Amino acid sequence: MLKSYLKIALRGLVKHRVYSLINISGLAVGMAVALLIGLLIHYEFSYNRFLSGYDQSYQIYVNESVEGAIESSNAVPLPVANALRNNIPGIRYVAECDWMQRHGLMVGEQKLYLSGASVGGDFLKIFRFPLLQGHAETALSDPYSIILTARTARALFGDEDPMGKSVRYDNRFDLQVTGVMGNIPSNSSFYFQYLVPFSLYEQSAGWVRASRTQWENYSFQIYAALDPNASREQVSSRIRDLIQDNSEGKVNFEPELGLYPFKDWHLYNEFENGQPSGGYIDYLQMFGLIGLLVLILACINFTNLATARSEKRAKEVGVRKAIGSKRKHLVTQFLVESFLITSLAAVLSLILVYAILPFFNDLANVRIQFPLDQPLFWIVLLVYTTLTALMAGSRPAWYLSSFQAVKVLKGKITTGRGTSRGRKILVLLQFSSSIALIIGTMVIYRQINYVQQRPVGYDQERLMMTRMTDDLNDNYQVLRNEMLQSGVVESVAWGSSPITSIFSRIEVEHWPGKTGDTPAGGIAFIRVTEDYFNTLGIQLLQGRNFHPDWQSDSTSLIINRAAADRFGLEDPVNQTITLQGGDQGTIVGLVEDALMISPYDPVVPTVFAHGQWGASMLYRLRPEVNTQQAIATLSVLFNRHNPTFPYEYEFVDDTYAQKFRLEVLVGKLAAIFAALAIFVSCLGLFGLATYLAEQRRKEIGIRKVLGASLSQIWLLLSREFIGLILLSCIIAVPIALYFIQRWLAQYTYRIDIGPGEFIIAGLGAVLITLITISFQAIRAGRERPVESLRVE
Amino acid sequence: MISIHNIAKRYRTDEVETTALNGLSLEVKPGEFVAIMGPSGCGKSTLLNILGLLDEADGGQFLLDGIDVSRYNENRRAELRMEKIGFVFQNFNLIDELTVYENVELPLLYNGIKAGERKKRVEYVLDKVQIMHRRNHYPTQLSGGQQQRVAVARAVINQPAIILADEPTGNLDSQNGNEVMQLLTELNESGTTIVMVTHSEHDARFSHRIVRMLDGQTVAESVLV
Chain A
1 MLKSYLKIAL
11 RGLVKHRVYS
21 LINISGLAVG
31 MAVALLIGLL
41 IHYEFSYNRF
51 LSGYDQSYQI
61 YVNESVEGAI
71 ESSNAVPLPV
81 ANALRNNIPG
91 IRYVAECDWM
101 QRHGLMVGEQ
111 KLYLSGASVG
121 GDFLKIFRFP
131 LLQGHAETAL
141 SDPYSIILTA
151 RTARALFGDE
161 DPMGKSVRYD
171 NRFDLQVTGV
181 MGNIPSNSSF
191 YFQYLVPFSL
201 YEQSAGWVRA
211 SRTQWENYSF
221 QIYAALDPNA
231 SREQVSSRIR
241 DLIQDNSEGK
251 VNFEPELGLY
261 PFKDWHLYNE
271 FENGQPSGGY
281 IDYLQMFGLI
291 GLLVLILACI
301 NFTNLATARS
311 EKRAKEVGVR
321 KAIGSKRKHL
331 VTQFLVESFL
341 ITSLAAVLSL
351 ILVYAILPFF
361 NDLANVRIQF
371 PLDQPLFWIV
381 LLVYTTLTAL
391 MAGSRPAWYL
401 SSFQAVKVLK
411 GKITTGRGTS
421 RGRKILVLLQ
431 FSSSIALIIG
441 TMVIYRQINY
451 VQQRPVGYDQ
461 ERLMMTRMTD
471 DLNDNYQVLR
481 NEMLQSGVVE
491 SVAWGSSPIT
501 SIFSRIEVEH
511 WPGKTGDTPA
521 GGIAFIRVTE
531 DYFNTLGIQL
541 LQGRNFHPDW
551 QSDSTSLIIN
561 RAAADRFGLE
571 DPVNQTITLQ
581 GGDQGTIVGL
591 VEDALMISPY
601 DPVVPTVFAH
611 GQWGASMLYR
621 LRPEVNTQQA
631 IATLSVLFNR
641 HNPTFPYEYE
651 FVDDTYAQKF
661 RLEVLVGKLA
671 AIFAALAIFV
681 SCLGLFGLAT
691 YLAEQRRKEI
701 GIRKVLGASL
711 SQIWLLLSRE
721 FIGLILLSCI
731 IAVPIALYFI
741 QRWLAQYTYR
751 IDIGPGEFII
761 AGLGAVLITL
771 ITISFQAIRA
781 GRERPVESLR
791 VE
Chain B
1 MISIHNIAKR
11 YRTDEVETTA
21 LNGLSLEVKP
31 GEFVAIMGPS
41 GCGKSTLLNI
51 LGLLDEADGG
61 QFLLDGIDVS
71 RYNENRRAEL
81 RMEKIGFVFQ
91 NFNLIDELTV
101 YENVELPLLY
111 NGIKAGERKK
121 RVEYVLDKVQ
131 IMHRRNHYPT
141 QLSGGQQQRV
151 AVARAVINQP
161 AIILADEPTG
171 NLDSQNGNEV
181 MQLLTELNES
191 GTTIVMVTHS
201 EHDARFSHRI
211 VRMLDGQTVA
221 ESVLV
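These protein sequence lines are chains A and B, in that order.
Residue 1 is where the first sequence starts when you use UniProt numbering, and the numbers rise one by one after that.
Residue 1 is where the second sequence starts when you use UniProt numbering, and the numbers rise one by one after that.
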């Protein structure tokens, strides 16, 4: 019986090629989109879960109440580590960690500048990255040891066995390789290339040693693993007040500690009310919804075409029933057909996904592998195909099998108003969701564009940054002079933060006109040279710049406009403010706001001080010099004054553009999926128009005999669809509006929604519809009436 | 074999109600060949559809082999159709996507007959209606007469007790028509009960008894010898 069903289905496929093509290609596109999004979701959910014991691993984070809102941060005081180790039941391992910045690694002539982590000894017990060589227990016991990833080991030592060999670290220490670990997979939140003991960090930096007892110094990361039988809730409540209980004297902002699960770092990377609550997961949910939607749109095509052409199958149903077929036989038969078509579409979708996966990986910055070798994938695919076949085929199967033999055999089948209304509702669903997607995509692009156009408050043109090392700090003046003399650079400065980030925030305890006794928190604090504002092109609005001699200017401060607003100072120059720790400073200048963190958020109130030690060198190339030549020249100078590090630089405009990466990605994906949604919908509409034109062939012939013109025939066939599309627009507007407003709400700096997108999307949809159906309408209108009337 | 009493059937559209059968009664004995005649719209086809369990009467009693089947649900009706009844239609009603062989085989598939047995029976029947040489052709590749022979073959493949034929020669020329009537006669002679609706006096003469209908009722009967 099954053979007979398959046979008739295959023959039908071949016989009605256009119909089959529309069905299979539409379903294939829908299935490919859903499959791709499914793979993306699977990949994102695999983040951090490849390590054994991942669900017992946590980062310690702190919540603070700042001006009525809870701010969450992963920067915590160092004494928390020992307190957790010694006093909190349920905690099994604790590891301190720095901020995993880049350091110089040198072996012979080979110099690398790579991200690495200084970690406490239990780090590898919390995050069980397997070691290829060495022992996790002991590899970091000696302060002068280092664990390399296989890639780093290879880059430094080539084919030699690195174990026991020496690596020069930051040109200060010789560390012995005590372990080699596998490379960090792409679906890991960690990106370090080597591990060094936290004890080295403590030994080499006095301030770190001092931090061991400072409960107010939030400068470290701390990780912990819980006992297998301890729950997050229990331990969280035990650690919550650790800082407040241990601090002497008054504690500002009511700090409370919490546990941030390792498995959630990637997906739940945003905090709300002190809890990880959303972030990337929101986008994944959105894409999941879109994938399902495109799949449903494709299934609707199948359903609509199958019921539209039901007349063609009616006789067969009648005959089968007359010779004894039960309804369940017919339902089975039509579902088998649906399964066959869906299976062909699934194969095609696999080919499609296989072909586009490399491009998608690049686009979405992921490393998804097609799991063709995993049996589970094929099982999931089979279930997926079956569900799709049921979704697409159940309504037609139910509908077609309901025909009464006696009626269809008499030729009296009526594809009743019910099915035609059903089809219209499904077309409405297709087009309203497609139009809503188009509107959404346009809004995303307009928002990105709007934010990209936002004035940044400084000049990014030809502006470069290099991270400063000890050598660069020591040799700064000489290097700066040589850079200026070389003729490729027009100005040089440094800051204690790069211009695209803020490394340090402070509290300002007092300012003129302050009411209440809460300090102003979250104020950016940046030490700069006197060339800083000039180099960056930040405009001085009031007062003066710093003097070249920093010592005579050591208590002078310059603030930005956002800080002046924050303190409510209209004329801030010559006013005195008190910084965290009681240091007083006099404001000597007011500068324009410069956008350093999120381009979607307000500018952070910033206090600049004159300083001696920088973290980021900032320099601007002369407009007339060739960039490649300038870099070659600079490379020589930097290598001379920073000999143990390779010359590395960033162009500020590139780094700034990175801030839009997620939004640009979302925009691109939304655009692609919206285009596919409208393509699938139009494919269905085309098929529907073909059948309806065919159904009305005789009517059109008679109308033409009676004198109807081509345009009248066109209008006859198009009118109904245009009405449907206009109705779809009306339905799409509130749906789109709801999602857009939710999405935009997360940005402080955002566009106002106007009617523009809605009108363009609506007109676009009507135009696409007209093009799609006109092909059939015109073909029907141009047929000689004798052809259509001869059918009788 | 077939016994109907006081059968009524009405069709309703939005505004009009048409009475197709109006208290009709009919007895058909096993092995009988009955022809039903009457002008267009007199209810012949409606009667045949009710006899074939394709349609339900609005009132009256329908006994098939002494069992009242008038209230059977669709599934039981389908089973009975498969078991007892073969249909021959004026417009053949073959499935275009299936070959001659597959069309004839179809009722056996629904009946759950094993492949070897199917092959034997299909070939036997195709041979009997002399269409074996066309077994792999599709219906659209056959003449009308050939198509109707295939339809007859399909009607008899399950060895039904009853064959219901709705103007079986209506779309055929006289030579092909005669061949089909000959085939039905042979079937009847081998014991199959036949009820045939026809407009043709010529065809009706192949039967044992002619029932004449008008306005949903039987108005006359003539027994042929």
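Just so you know, these hints were derived from the structure itself, not from any lab.
Only a predicted model underlies this, so the values are computations on that prediction, with no experimental measurement involved.
Watch out, some of these pointers could steer you wrong.
As the list claims (entries may be wrong) - Result set (DSS-like, lysine-lysine): computed pairs, CA atoms no more than 27 Å apart in a straight line:
| # | chain 1 | residue 1 | chain 2 | residue 2 |
| --- | --- | --- | --- | --- |
| 1 | B | Lys29 | B | Lys128 |
| 2 | B | Lys114 | A | Lys3 |
| 3 | A | Lys3 | B | Lys29 |
| 4 | B | Lys119 | A | Lys328 |
| 5 | A | Lys410 | B | Lys84 |
| 6 | B | Lys119 | A | Lys315 |
The hints, checked one at a time:
1. B:Lys29 <-> B:Lys128: 26 Å, holds
2. B:Lys114 <-> A:Lys3: Judged against 27 Å, a Cα distance of about 13 Å means the pair holds.
3. A:Lys3 <-> B:Lys29: Violated, at about 39 Å.
4. B:Lys119 <-> A:Lys328: 25 Å, holds
5. A:Lys410 <-> B:Lys84: 22 Å, holds
6. B:Lys119 <-> A:Lys315: 25 Å, holds
Hint 3 alone, counting from the list given before, is not met by this structure.
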